[in-house]
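Novice: In case you want the letters, here they are:
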Amino acid sequence: MEVTFQGNIQNLDIPHKIKVKDLYNKLGLSPEEYLILKDGKLITHDKYLDPEDKIRIVKVVSGG
Amino acid sequence: MKCKICKEDAIIYLPSHNLALCEQHFFDFCKRRVQKAIKRYNLLDEGEKILVALSGGKDSLTLAYLLKELGYKIEGYYIDLGIEEYSERSKEKVLNFADRYGIKVHIEQVKELFWGYSIPQIAYITRRPACSVCGHIKRYLMNRFGYENGFSALATGHNLDDEVGVLFGNIINWKMGYLGRQSPLLPSTNRKLLKKVKPLVLCGEREIAAFALTYGIDYIEMECPHVKGSTYLYNKGLINRLEEKSPGSKLRFYQGFLENKHLFKEEDVDLKECEVCGYPTTSRICTFCNIRRKIKERIKGQT
Chain A
42 MEVTFQGNIQ
52 NLDIPHKIKV
62 KDLYNKLGLS
72 PEEYLILKDG
82 KLITHDKYLD
92 PEDKIRIVKV
102 VSGG
Chain B
28 MKCKICKEDA
38 IIYLPSHNLA
48 LCEQHFFDFC
58 KRRVQKAIKR
68 YNLLDEGEKI
78 LVALSGGKDS
88 LTLAYLLKEL
98 GYKIEGYYID
108 LGIEEYSERS
118 KEKVLNFADR
128 YGIKVHIEQV
138 KELFWGYSIP
148 QIAYITRRPA
158 CSVCGHIKRY
168 LMNRFGYENG
178 FSALATGHNL
188 DDEVGVLFGN
198 IINWKMGYLG
208 RQSPLLPSTN
218 RKLLKKVKPL
228 VLCGEREIAA
238 FALTYGIDYI
248 EMECPHVKGS
258 TYLYNKGLIN
268 RLEEKSPGSK
278 LRFYQGFLEN
288 KHLFKEEDVD
298 LKECEVCGYP
308 TTSRICTFCN
318 IRRKIKERIK
328 GQT
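Read top to bottom, the protein sequences are chains A and B. Quick note on this note's numbering: the first sequence kicks off at 42 and runs consecutively. Quick note on this note's numbering: the second sequence kicks off at 28 and runs consecutively.
For the record, the hints were derived by calculation from the structure and aren't laboratory data. Model, not experiment: these values are computed from the prediction. Incorrect hints may appear among the rest.
To be verified - With a straight-line cut-off of 27 Å between C-alpha atoms, the simulated DSS-like cross-links for lysine-lysine are:
1. B/Lys292 x B/Lys66
2. A/Lys79 x B/Lys58
3. A/Lys95 x B/Lys29
4. A/Lys82 x B/Lys95
5. B/Lys29 x A/Lys62
6. A/Lys88 x B/Lys34
7. A/Lys60 x B/Lys34
8. B/Lys29 x A/Lys88
9. B/Lys202 x B/Lys288
Let the sequences and hints guide you as you build the complete structure.
Specialist: This is the structure in structure tokens:
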């Protein structure tokens, strides 16, 4: 799975379909602090992602 | 997950409201949250000339977008802090945004006002934390620009998470004066002080980022390099752990505080005019002019 985070692209080894909620857990990301987008659109936690999907992870917390 | 209103595919689930929404209804939701804050806390009047502080981040750009969408008369104001790559990139975001949405934006540069010195350099010379110097200079310049150009209100992009983070810090340290003053509305208490409003206080940080990403508001994702490792950010993390376990905690904490604000008395301050610039201050010379004086001394010492 191709993951873009803060402009950098990384490949993530995801062999099978994965629920968005489980991807948050696998990466240790807080759903309060990070958003996941697939093809530029937000995706809810009950949806599934394919190993070949391209996703973007965005951190939402800022220093004020 | 389906939108609770129209049953179309949802793009977001908001645990604190137990609400899943599609793209269109999420837009309406965010717009209503801003309208609600403006009405509930009596922030703005129709036709009022509002200066929106723009940093290039998700909050300030979304605020300007939504205020314009709600029909308010706004202009933007950006301060170039001279923090190298961060300032260059944030300025570009602000200019692109203003151009795209037809918003007039005013720009001031710290380096022009401080004889070529940037915020990190000013912090070093004055031996103050960068965030403290930056906050003082920004607040002073935003107010001065607004006052001298006939604006009646200054709107900033402080969101629910920002306010909860500050509130938590103020309670942990029992800063009674700050608690008395913390509010979505700071009325003008002097003819040279603009009214300050925070119309995003009922919108969470996650909602605002989701809004910006969904509606194509191109903001700077990069964080100011000076904010890393701050207690304030650490506190935000703690509060997010609580919110995950108990959704709605942030809203309950903040709204409960505002309902009980009478328990925290605002300190009476005796404002006088700064002997140098004439703007209101509690001391003989205001912090802004004091910082300028220190920089001037440094320049004199070098020549």
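Novice: If a hint holds in the structure, say so; if it does not, say that too.
Specialist: The hints, checked one at a time:
1. B/Lys292 x B/Lys66: holds, 24 Å
2. A/Lys79 x B/Lys58: Distance ~25 Å between A/Lys79 and B/Lys58 Cα, so the pair holds.
3. A/Lys95 x B/Lys29: holds, 23 Å
4. A/Lys82 x B/Lys95: Cα-Cα ~24 Å, so holds.
5. B/Lys29 x A/Lys62: It holds: about 16 Å lies between the C-alpha atoms, which stays within 27 Å.
6. A/Lys88 x B/Lys34: Satisfied, since the Cα-Cα distance of roughly 16 Å is no more than 27 Å.
7. A/Lys60 x B/Lys34: Status holds; Cα separation ~21 Å.
8. B/Lys29 x A/Lys88: holds, 11 Å
9. B/Lys202 x B/Lys288: holds, 13 Å
Hint compliance for this structure: every hint is met.
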